[in-house]
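S.K.: In case you want the letters, here they are:
Protein chains: 2
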Amino acid sequence: MSRETTDLTDDPRHNLVIPEPEAVEDLEDLALGDDYALNPEYVEMVIDAADRGDTGRLRELVHALDPADVADLMGFLSAGYREEVIPVLDPEWLGEIIAELDDNLREEVLEATPSATLAKALEELDSDDAADVIDDLDEGKRAQVLAAMDEGDRAAIETTLAYEDETAGRLMQREFLAAPQFWTVGQTIDHVREAGDRLPELFFDVYVVDPSFTPVGALPISQLLTNKRETPLAEIMEPVTEIAVDMDQEEVAYIFDKYHLISAPVIEPGGRLVGQITVDDIVGVIREEAQEDILALAGVSDTGRDATVNDIVRSRLPWLLLNLVTETIAVSAIAIFQDQIAKLVALAVLMPIVSSLGGNAGTQTLAVAVRALASKELNAANARRIIVRELSVGAMNGLVLAVVMGMATFVFYHNAKLAITVGLALVANIVTAALGGILAPLALEKMGRDPAVSSSIFVTFLTDFMGFFAVLTIAALLLR
Amino acid sequence: MSRETTDLTDDPRHNLVIPEPEAVEDLEDLALGDDYALNPEYVEMVIDAADRGDTGRLRELVHALDPADVADLMGFLSAGYREEVIPVLDPEWLGEIIAELDDNLREEVLEATPSATLAKALEELDSDDAADVIDDLDEGKRAQVLAAMDEGDRAAIETTLAYEDETAGRLMQREFLAAPQFWTVGQTIDHVREAGDRLPELFFDVYVVDPSFTPVGALPISQLLTNKRETPLAEIMEPVTEIAVDMDQEEVAYIFDKYHLISAPVIEPGGRLVGQITVDDIVGVIREEAQEDILALAGVSDTGRDATVNDIVRSRLPWLLLNLVTETIAVSAIAIFQDQIAKLVALAVLMPIVSSLGGNAGTQTLAVAVRALASKELNAANARRIIVRELSVGAMNGLVLAVVMGMATFVFYHNAKLAITVGLALVANIVTAALGGILAPLALEKMGRDPAVSSSIFVTFLTDFMGFFAVLTIAALLLR
Numbered sequence: 001m002s003r004e005t006t007d008l009t010d011d012p013r014h015n016l017v018i019p020e021p022e023a024v025e026d027l028e029d030l031a032l033g034d035d036y037a038l039n040p041e042y043v044e045m046v047i048d049a050a051d052r053g054d055t056g057r058l059r060e061l062v063h064a065l066d067p068a069d070v071a072d073l074m075g076f077l078s079a080g081y082r083e084e085v086i087p088v089l090d091p092e093w094l095g096e097i098i099a100e101l102d103d104n105l106r107e108e109v110l111e112a113t114p115s116a117t118l119a120k121a122l123e124e125l126d127s128d129d130a131a132d133v134i135d136d137l138d139e140g141k142r143a144q145v146l147a148a149m150d151e152g153d154r155a156a157i158e159t160t161l162a163y164e165d166e167t168a169g170r171l172m173q174r175e176f177l178a179a180p181q182f183w184t185v186g187q188t189i190d191h192v193r194e195a196g197d198r199l200p201e202l203f204f205d206v207y208v209v210d211p212s213f214t215p216v217g218a219l220p221i222s223q224l225l226t227n228k229r230e231t232p233l234a235e236i237m238e239p240v241t242e243i244a245v246d247m248d249q250e251e252v253a254y255i256f257d258k259y260h261l262i263s264a265p266v267i268e269p270g271g272r273l274v275g276q277i278t279v280d281d282i283v284g285v286i287r288e289e290a291q292e293d294i295l296a297l298a299g300v301s302d303t304g305r306d307a308t309v310n311d312i313v314r315s316r317l318p319w320l321l322l323n324l325v326t327e328t329i330a331v332s333a334i335a336i337f338q339d340q341i342a343k344l345v346a347l348a349v350l351m352p353i354v355s356s357l358g359g360n361a362g363t364q365t366l367a368v369a370v371r372a373l374a375s376k377e378l379n380a381a382n383a384r385r386i387i388v389r390e391l392s393v394g395a396m397n398g399l400v401l402a403v404v405m406g407m408a409t410f411v412f413y414h415n416a417k418l419a420i421t422v423g424l425a426l427v428a429n430i431v432t433a434a435l436g437g438i439l440a441p442l443a444l445e446k447m448g449r450d451p452a453v454s455s456s457i458f459v460t461f462l463t464d465f466m467g468f469f470a471v472l473t474i475a476a477l478l479l480r
Numbered sequence: 001m002s003r004e005t006t007d008l009t010d011d012p013r014h015n016l017v018i019p020e021p022e023a024v025e026d027l028e029d030l031a032l033g034d035d036y037a038l039n040p041e042y043v044e045m046v047i048d049a050a051d052r053g054d055t056g057r058l059r060e061l062v063h064a065l066d067p068a069d070v071a072d073l074m075g076f077l078s079a080g081y082r083e084e085v086i087p088v089l090d091p092e093w094l095g096e097i098i099a100e101l102d103d104n105l106r107e108e109v110l111e112a113t114p115s116a117t118l119a120k121a122l123e124e125l126d127s128d129d130a131a132d133v134i135d136d137l138d139e140g141k142r143a144q145v146l147a148a149m150d151e152g153d154r155a156a157i158e159t160t161l162a163y164e165d166e167t168a169g170r171l172m173q174r175e176f177l178a179a180p181q182f183w184t185v186g187q188t189i190d191h192v193r194e195a196g197d198r199l200p201e202l203f204f205d206v207y208v209v210d211p212s213f214t215p216v217g218a219l220p221i222s223q224l225l226t227n228k229r230e231t232p233l234a235e236i237m238e239p240v241t242e243i244a245v246d247m248d249q250e251e252v253a254y255i256f257d258k259y260h261l262i263s264a265p266v267i268e269p270g271g272r273l274v275g276q277i278t279v280d281d282i283v284g285v286i287r288e289e290a291q292e293d294i295l296a297l298a299g300v301s302d303t304g305r306d307a308t309v310n311d312i313v314r315s316r317l318p319w320l321l322l323n324l325v326t327e328t329i330a331v332s333a334i335a336i337f338q339d340q341i342a343k344l345v346a347l348a349v350l351m352p353i354v355s356s357l358g359g360n361a362g363t364q365t366l367a368v369a370v371r372a373l374a375s376k377e378l379n380a381a382n383a384r385r386i387i388v389r390e391l392s393v394g395a396m397n398g399l400v401l402a403v404v405m406g407m408a409t410f411v412f413y414h415n416a417k418l419a420i421t422v423g424l425a426l427v428a429n430i431v432t433a434a435l436g437g438i439l440a441p442l443a444l445e446k447m448g449r450d451p452a453v454s455s456s457i458f459v460t461f462l463t464d465f466m467g468f469f470a471v472l473t474i475a476a477l478l479l480r
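Protein chains in written order, with this note's numbering: chain Y, 1 to 480; chain U, 1 to 480.
The hints are simulated quantities; they were obtained by calculation from the structure and are not laboratory data. There may be inaccurate statements among the hints.
The list treats identical chains as interchangeable, and a pair is accepted whether it falls inside one copy or across any two copies.
Within a straight-line C-alpha distance of at most 30 Å, the following computed DSBU-like cross-link-like pairs (lysine-lysine) qualify [claimed, not checked]: (1) Lys343 / Lys417; (2) Lys228 / Lys120; (3) Lys120 / Lys141; (4) Lys446 / Lys376.
Kindly produce the complete structure, drawing on both the sequences and the hints.
M.R.: The following block contains the structure:
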C-alpha cells in the first residue's frame, strides 16, 4: 500500500477507489514489453474493459500510456472499440495523440472531435505538427478550427501551409534560437533566459546570423555551457549547413544523415533565416522514404493497418491489371512459336524456369540499384562502371546457371540439343535481366521520376518475354 | 582578385601561385550541388588531377570537402585513384573519414595506413566509432594499433568491443552528463563548466540519477538555460526511457523513432547507468535496417559500390541456384500434366500469366506485411484480422482479374471451357498468394527469424506451382 493511503486504512472501502501512485507504474510495465512495443495482452485488456462498458478502467488503461503508445493502441483496435476510447482521452493529450496517429485513423479521429476541442488540442503542438493535422481536415472544418485558434498560432499554421507538402518549409518550426555575430556566450545565455516563451520547447543549436539575418555559423548549446561567458560566439562557432525552404524532404533527410545533424537552419531564397528543422522530425522521414521504396518495388502503396478491404483492393488491383497486360504481351512470344511446343512439350516445362530465374536476377540488380540511387552512391560519375560490372555479373551468373540447368536437362530428357537450347537462353536472359535491372532505374532517375516506381514491372516484363522468346527461337534454330 | 594579393599585383606571376582565401569556398560550391550531393564533375576534377600527378591540386580538391564528402568521393573513385588520394589526406581528418567510409573501402584504407597513424586518428573519435573501426582490423594490426593508443582510449574501446555487435552497448558512448537528484540547475551548470574534458563533445540531455546511479529522470540541456539557477532538477525532470545495454540496435531505433528521442541513457541489467546513445548514431541504423529489408526481399545483400564482380556473384548466385531448385519443383506440376499441353498448346501460353499474376499479388502482400512487422504494427493482437482481410482482398482481386482474363481468353480462343479454366485457376492462385504472402512472414517472425529473408522465395515458389497446377488440373477436369 502506498503511503498516501495509510490514514484511510480504517475504512477498507477507500482502498478500492483511491488511485495508488504505483498503479500507473504497474500498468506501464504490463503495457510495454522490454522492447517498448505494445503487448497484445494489453490490447486485450482494453477490449475487455470496453466490452464491459467500464469507462473508468478504460480511462485508467489508456492514460497509463505515452501518447505515442495510445496512437499505437488505436491502430490495433477495430473501429467500434476506437469510438469508445476517443471520448475518454484527456483533451490536453489529444493533440499529441493525433499527431502520432496513422493517416486513416487520424481522419477518423478528426471527424469525431468537435472543432473547439481540436483548436485547443492543436495549440499545444509545434507549428509544423499542427499544420500537418490541419492539412488533413476538409475545407469547412479547417476554417472552423482555425477560427477557434489563438491569433498567433493561426498565423504560424497558415504560413507553414503556404509551403508545398513534403518540403523543408513544411517540416520546419518557425521558432529557433538565433544570435548576432558580435554577441558573447554570456549575452546569448542571458537572451535565452529573457526570451523564454518565444523559444521552442526544445532547441539544440544557436544559429549565428549576420545583420541581414543570414546564418554564418552555428554552435550546439552544450558549447554555451562549456565555454566562458566572455567568449565571442564568432570565435567558437562552426560552419553551418543551411536548408533551402523549398527543398524536398528526402533531400533534407539525406543531408541530416550524411552530416549527422541534430538541427539545421532553414533559409529563404535570399538567405534569410526563417526556421529550423530538428532531427526528430527527420527520423520519421528517413524511415518512411525507405519503406516507400520497398512498397514501390512491390507495386503496392501502404493503406495502413486499419484500411478496409475496398481501400486495399483499390490500391493493389491497378498494378495487377497492368501486370496482366504486360504479361499478355510477354506470352505472345509463346503464341507465335506454338508449333515448337506442340512438337516438344518439354519446352513448356523448361521455359518458365528460364523466365523465373531472369526475373529474380533482374530484381536483385534492381533492388541494389534503387538503394544506391536513394543514397546517392550511384550517379553519372560511376554509372558506366556500375553498368559494366552488372553485365559482367550477369554473364557469370548466367554461365553457372546455364551449366547447372543444361546438365539437369540432359540428365532428365537425354537431349543434348535441348540442353544447349536451355543453357543459351538462360545466359541471354540473365544478361538481359542485368541490363534491364540497372538501366531502368537509371533512366527513370534521369527523367526525374522515382526509380523504385514502375521499374520492377518493366524488368519482369522484359525477363518474362526474353525467357520465352530466347528458349523458343533458339529451339526453332537448333531443334528443327 | 582578393584583397590579400593586391600588394603583389606588380608581379603578375604571384597571382597564379598564391592561394586565395575564397578558393576553398569556390571549390565547395563546385563540389556539392544544391542538394549537398557530390557533383560528378568534381569527381572528374579529382581524377584529372590524379592523372596529371598534380598532388598539390589533389590535396586542395580533397581538403575543400567535409570528411563525409571525402568518404563519398572515395566511393566514386576506382581503387587506383584511391591509392593516390589516401596519402594526401590530413592525418587529423583520417579518423572521421574512415568512420564514414563504406565497409569494403574502409578495409582497403585500414590496410594502407600504418598502425601508428591509425592509432592517432582513432584517438580523435568517440569510443563507439573507434571501436567500430578497430573491430574491422585483423588480429595482428588490431593489437598493434591498440598498443599505440593512449591508455584511457584503449580501455574504453576494449570495453565497447566486449558487447555484442549490433547491440546498444556497441552504439553507446561511455561519456555522458549525469547529475544527482538533489542538485539544482545552478549546481549542474557549474559541474558542466568544471567537468570540461570528461564530458562528450556533444550532449543533449542531463540524466538525473539516484544514489545507486540508476536514472530516475532526464531533462534536455536547453532546460538548464531556460530555468532559474535555484530550481531543483527533481522538479523539472521528465520520465526517462532507458535502453538495456544488450538490446538489439533495431529495437533501439524503434524506440528512438517512436518517442522522438534525441538521446537515451543505457543501463546495465542492475539498472546502473553506463552510457548514452544519441540520435545521430540511430539515423544511420534506421536507414540501414529499412534498406536491408528491400535487399532481403529481393534475395540479395549489398556488397557496396566498390565490390568486385566476384564479390557480387558470390552474394547473388546462391539465391539464384536456390530459385533454380524451387522452380524445378514448381514446373514438375507441368511435367506431370504434359499430355494436357500436347492436346491444347494454348495452356502453355496462358499458364505463365496465371503464375505471374499470383507472384505479383503475393509480393504485394509480402511487402506490406514485412513493413508492418518491422514497424510493429502487426502482431498477435491484430494478426487474425489482417489475415482475414488479406484473404478477402485476394478473393476480390482474383475475381476481377479472372473476369478480365476469362473474357480475353474467350475472345481470343473462342473456347468457353478454356476461359472458365483460366478464370478459376486465377482466383485460386491469387487467394493462395494472399495466404502465402501474409502467413510466411508471420511464421518466420514467430520463429524469431527475419521475415524479409526467404519469404519471397517461398511465395514465388508457391504461386508458380499453384499457377501451373491449378490451370492444368482444372483443364484436366473441364476440357477432357
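S.K.: Sort out which numbered hints this structure fails and list those numbers smallest first.
M.R.: none
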